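Asker: Protein chains in written order, with this note's numbering: chain X, 1 to 347; chain P, 1 to 239; chain B, 1 to 287; chain F, 1 to 236.
None of these hints come from the bench; they were simulated from the model.
A portion of the hints provided could be inaccurate.
[As the list claims (entries may be wrong)] Listed next, the in silico DSSO-like pairs over lysine-lysine satisfying Cα-Cα at most 27 Å (straight line):
1. B:Lys186 / F:Lys55
2. B:Lys89 / F:Lys55
3. F:Lys108 / B:Lys186
4. X:Lys345 / P:Lys181
5. F:Lys18 / P:Lys130
6. F:Lys18 / B:Lys89
7. F:Lys108 / F:Lys126
8. P:Lys181 / P:Lys130
9. X:Lys345 / P:Lys130
Small disclaimer: the values here were computed from a predicted structure and weren't measured.
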Amino acid sequence: MGHRITTRTRASSIAGIIAVALIAVGLILPAFASRSLIQDLFFILTMLTLAQLWNLIAGFGGMVSVGQQAFVGIGAYAMFAGVILWGWDPVPAILLGGVAAFLLAIPMAFFAFRLAGAYFAIGTWVIAEVTRLVVAQWKTLGGGTGTSLPREATADIIGVETIARLFGLRDAAARDVLAYWLALALAVATLATIYALLRSRTGLALAAVRDNDNAARSVGVDAARVKWLVFLAAATMTGLVGALIYVQTARISPDAAFSVTNWTAYVIFIAVIGGIGRLEGPILGVLVFWGLQTAFADYGSWYLLALGLLAIATMLFAPRGLWGLIHDRTGIALFPVQRRLIGAKDG
Amino acid sequence: MTVLELTNVSKSFGALQVTDDVSFSVPRGQALGIIGPNGAGKSTLFNLITGNILPDAGAITLLGRDVTRSPAMDRVRMGVGRSFQIPQPFEGLTSFENLLAAAAYGQNKREAEVADQCVAILRDTELLPKANQLAGTLSLLDRKRLELARAMATGPELLLLDEIAGGLTEGECQALVATIKGLHGRGVTIIWIEHVLHALNSVVERLLVLDFGRVIGIGEPETIMASREVREIYLGMDV
Amino acid sequence: MIWLDVLVQGILLGGLYALFAAGLSLVFGIMRLVNLAHGDLIVFAAFLILVVVQTFGFNPFLSALIAAPAMFAFGWALQRFVLNRVLGKDILPPLLVTFGLSVALQNGMLEVFSADSQRLAAGPLESASIDLGPVTVGTMPLLTFASAVLVIFALNRIFYTTALGRAFRAVSDDPTTASLMGINPKSVFAIATGLAMVIVTIAALYLGMRSNFDPSIGPARLLYAFQAVIIGGLGSLWGTLAGGAIIGVAQTVGAQLNPEWQILAGHIAFLVVLLLRPRGLFPRAVD
Amino acid sequence: MSHLLSTHGLTAQYGQFKALFGVDLHIDPGECVAIIGANGAGKSTLMRSITGVLKSAPEMILHNGTPIGALPADQILQRGLAMVPEGRRLFPSLSVEENLLIGGQIRKGSGRWSLDEIYALFPILKERRHSPGTALSGGQQQMVAIGRALMSNPELLLCDEISLGLAPVVIRDIYAALPTIRATGAAVIIVEQDIARALIVADRIYCMMEGRVTLTAPAKDVSREAIHAAYFGAAA
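Based on the provided sequences and hints, a complete structural model is requested.
Answerer: This is the structure we're talking about:
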């Protein structure tokens with residue numbers, strides 16, 4: 001028929017090339033970078049991944065969760081359980097985190113989906129609290145005070161020795177490198193998965209449900225199924241990230257692992273400031289957030305107060321975030337999902 | 001063969017009886033028009049047929065299967081396509097993507113399998129030049145066209161059209177009528193609610209009059225339009 | 001006999017939760033806004049009362065009387081200048097704004113008042129109790145519960161017998177048509193949030209007199225309030241009291257079994273109700 | 001001398017969609033004007049623009065010569081323009097009496113209308129005053145909607161499609177109240193699809209098609225042919 005369908009734009013082609021280059025640089029970076037830069041990048045990558053996942057369910061799916069800390073926490077604790085109770089190596093134990101978060105997401109979705117609109121948000125929060133309180137009863141993992149990964153488990157994590165030899169690093173620094181690589185892999189995989197999802201048939205369904213639930217059902221979209229799918233997928237990935245973060249931290253407590261500030265508030269601010277409902281948003285947002293964090297974190301509560309006010313101001317004056325402003329001015333989309341019809345003749 | 005059959009269907013919202021013991025059936029390939037004053041329960045009737053709301057009493061049969069309690073989604077996949085009276089496009093998607101979503105899910109196929117169909121429908125409904133435009137930015141006429149196009153994209157056996165010609169100019173209306181006639185010619189069963197009578201009567205073979213949720217007449221358009229009761233209730237005067 | 005005591009204590013504790021919930025319910029009922037900073041606003045009001053107590057040496061009740069108009073003004077302004085601007089079809093902006101407010105308030109209070117626990121000293125009232133035959137109940141819990149009943153009764157009177165209440169209901173039904181009656185929905189929203197903040201002040205008074213508080217405890221109060229609203233059924237103020245009582249009883253029963261289970265038991269009771277009666281115990285017929 | 005109400009090149013749009021293209025009309029004190037036209041002609045949009053539900057440029061709508069196009073709906077009502085909205089839109093949480101009271105809650109105006117006078121005009125409403133407004137029949141609901149608008153004692157009453165969905169006999173009952181309403185000196189704009197009815201009650205008519213006024217004439221000497229042409233366009 002002489003037409004074709006594409007989502008590519010010139011900006012996206014360039015972005016694709018840059019992305020591949022960045023990933024390549026990211027992979028070999030530990031050979032040159034200082035330990036503190038690697039640690040910073042680990043922080044940026046894990047926060048970015050968490051923000052992308054929240055953005056997926058809230059920005060693209062319209063499900064505003066304030067309970068993401070449940071998945072981070074349960075993921076981290078599952079990893080600890082694998083290491084401490086069953087003697088797993090911490091790295092494969094990260095997978096347990098994904099499984100645990102998936103299992104927790106099922107009852108959470110079941111309960112929270114019963115709550116209409118905005119009450120969904122508090123529903124997720126309640127389940128996160130329940131999970132925290134239950135985990136705090138788990139005495140073998142330190143109960144309310146928490147515990148650390150045993151020294152012998154962290155000492156011989158698969159691959160650390162190789163990395164140490166390769167880059168001539170101490171074990172502790174080599175562990176950071178390993179964690180960084182895993183974070184990079186997770187961030188890239190998350191971004192790629194979400195991008196692929198949005199470009200798939202399910203992505204269309206998700207957009208349709210978000211725009212008009214009723215009309216979506218009238219063209220045959222199973223709105224509930226789409227929401228379940230996305231919610232469970234995002235929860236699983238969030239659990240993996242949580243487990244990874246605590247492999248690096250090596251010390252856990254219920255209050256820290258289930259912290260609403262660290263794992264949900266920050267994550268929401270990143271997405272809001274960068275731009276909700278676009279893949280570019282959290283990327284921009286996490287850079288701004290990291291910059292603010294580096295510059296002002298010493299101010300403690302004042303910094304958090306300002307961050308809260310900044311999020312409010314963004315919602316009031318630029319509800320689609322920084323990337324929204326850029327997109328409106330330039331029309332650039334680095335990760336376009338729009339299916340454009342090219343070259344179809346009229347008549 | 002009967003595509004749709006309603007038997008003693010009733011529905012009320014609180015004290016308001018919006019559908020009152022409605023029974024009729026539509027044979028395959030027929031075009032049925034529904035007329036009646038605003039508030040007569042026409043759109044509610046559509047919502048009952050599509051499963052967006054469930055009846056209090058009575059039965060609805062679609063292609064020989066009882067669907068009285070089936071969810072809307074199942075009925076779409078059985079072949080019921082609908083347009084909304086007030087257009088409800090997916091505003092964040094382009095026209096083309098609106099059709100892709102409808103075709104992929106309504107027919108349960110992959111996007112690539114339905115893309116050509118969607119292009120053809122866009123061409124038929126004169127939306128092709130606006131294929132890549134966000135639906136939220138379309139004009140009323142184009143939104144109406146998109147309603148029709150999206151319903152067509154679901155691959156319907158039975159197409160329900162709700163006031164698709166209202167608010168259009170004569171020329172626009174004629175183009176729309178031609179599109180609907182084309183569909184009808186291909187054997188699609190059509191039920192069409194419309195106030196623009198000359199458009200309606202140029203397509204349909206049978207006319208149903210609804211007032212206060214009741215069927216007060218069904219038959220050939222000429223007979224129905226000639227009925228004194230219909231004239232008084234619906235037109236209010238001799239036009 | 002111990003269980004009767006646990007039951008009574010639980011119900012009375014529910015009065016406090018109903019006070020937390022009433023403001024949340026009022027605001028949601030009128031403008032479908034869920035304020036994620038509700039708990040932090042309660043804590044904020046408690047600090048405000050504390051400041052008045054410390055500055056003027058008044059007792060907490062009188063101090064609350066002074067704090068209440070200030071909180072009304074704060075709520076009015078918050079709605080007028082911030083929340084009204086983000087209310088709309090999309091639920092995301094108001095949720096995120098109130099979430100930002102929650103974080104900002106918590107940290108602002110932390111900076112100003114430090115993380116130290118505080119308490120509103122109520123003198124001999126704190127330990128006073130009344131002997132009711134089989135059980136002895138504390139005067140303070142009883143007073144809290146009575147206040148909750150009074151607040152809900154007053155709110156119902158406002159809702160169903162005053163012109164303001166009529167405007168509340170009309171705006172809640174259909175803001176556009178209400179504006180055709182000369183009512184400015186945004187002003188009504190602002191008054192409603194102001195009123196909610198007065199209730200928040202009352203809740204804060206009892207919170208501060210009955211237990212220690214610090215800037216971090218807001219979110220937990222939000223959750224109790226939310227659970228009481230959902231258990232009671234959206235839009236039912238008396239239902240909120242029942243919802244509060246259910247959580248209260250679950251908590252005291254849980255605490256009786258194991259002190260560590262107190263909070264958890266309340267949450268579980270909520271989930272059980274949500275499982276069995278997703279629309280709450282007393283759902284509104286319409287809507 | 002300025003009119004009670006006039007529009008000047010009034011335009012309106014919903015998002016990208018233009019619904020009115022430069023509408024000029026006016027009404028003087030005590031007058032009754034009917035606006036007729038097919039579905040989608042822009043009649044309701046016109047009503048929504050005048051009453052401030054849709055915003056316009058200030059000078060597009062003048063009330064006694066003062067620009068009011070940009071005022072919100074609540075301030076329009078306070079200037080003495082009250083509307084009976086399409087579909088009646090009673091408040092479901094309010095009883096019949098409360099629905100009436102809320103109409104005069106902000107502006108009482110000075111004039112004849114009070115709760116008692118409304119009950120005198122529509123006696124059935126007094127019997128049913130404690131029922132929820134939505135429990136009434138369509139015709140009774142329409143009476144509440146009219147009474148509600150009258151409670152502010154408006155100078156100008158705008159009635160949007162008050163006969164829609166009602167049986168002819170009920171419509172007659174409702175229109176029977178119109179002379180009483182006009183006797184208070186209020187001007188009335190009615191939007192009506194029933195042309196015959198419009199011609200009987202109005203002093204002047206405006207006919208609209210596709211967002212424009214296509215005909216304006218005194219009701220008593222307009223021809224059916226002229227209406228037909230204005231209603232359906234030249235092509236019909």
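Asker: Now tell me, hint by hint, if it's right for this structure.
Answerer: Hint by hint, here is what the structure shows:
1. For the hint linking Lys186 (chain B) to Lys55 (chain F), the alpha-carbon distance of about 16 Å falls within 27 Å, and the restraint holds.
2. Taking the CA atoms of Lys89 (chain B) and Lys55 (chain F), the gap is near 19 Å; set against the 27 Å cutoff, the hint holds.
3. As the CA atoms of Lys108 (chain F) and Lys186 (chain B) are separated by approximately 21 Å, the hinted pair is consistent with the 27 Å bound.
4. The straight-line distance between the Cα atoms of Lys345 (chain X) and Lys181 (chain P) is roughly 23 Å, inside the 27 Å bound, and the hint therefore holds.
5. This hinted pair checks out: Lys18 (chain F) and Lys130 (chain P) have alpha carbons roughly 18 Å apart, not beyond 27 Å.
6. For the proposed pair Lys18 (chain F) and Lys89 (chain B), the alpha carbon gap of about 22 Å is at most 27 Å, so the pair holds.
7. For the given pair, Lys108 (chain F) sits about 20 Å from Lys126 (chain F) by alpha-carbon distance, which is consistent with the 27 Å threshold.
8. Taking the CA atoms of Lys181 (chain P) and Lys130 (chain P), the gap is near 23 Å; set against the 27 Å cutoff, the hint holds.
9. Annotation: proposed proximity of Lys345 (chain X) to Lys130 (chain P) holds, straight-line Cα distance about 12 Å (limit 27 Å).
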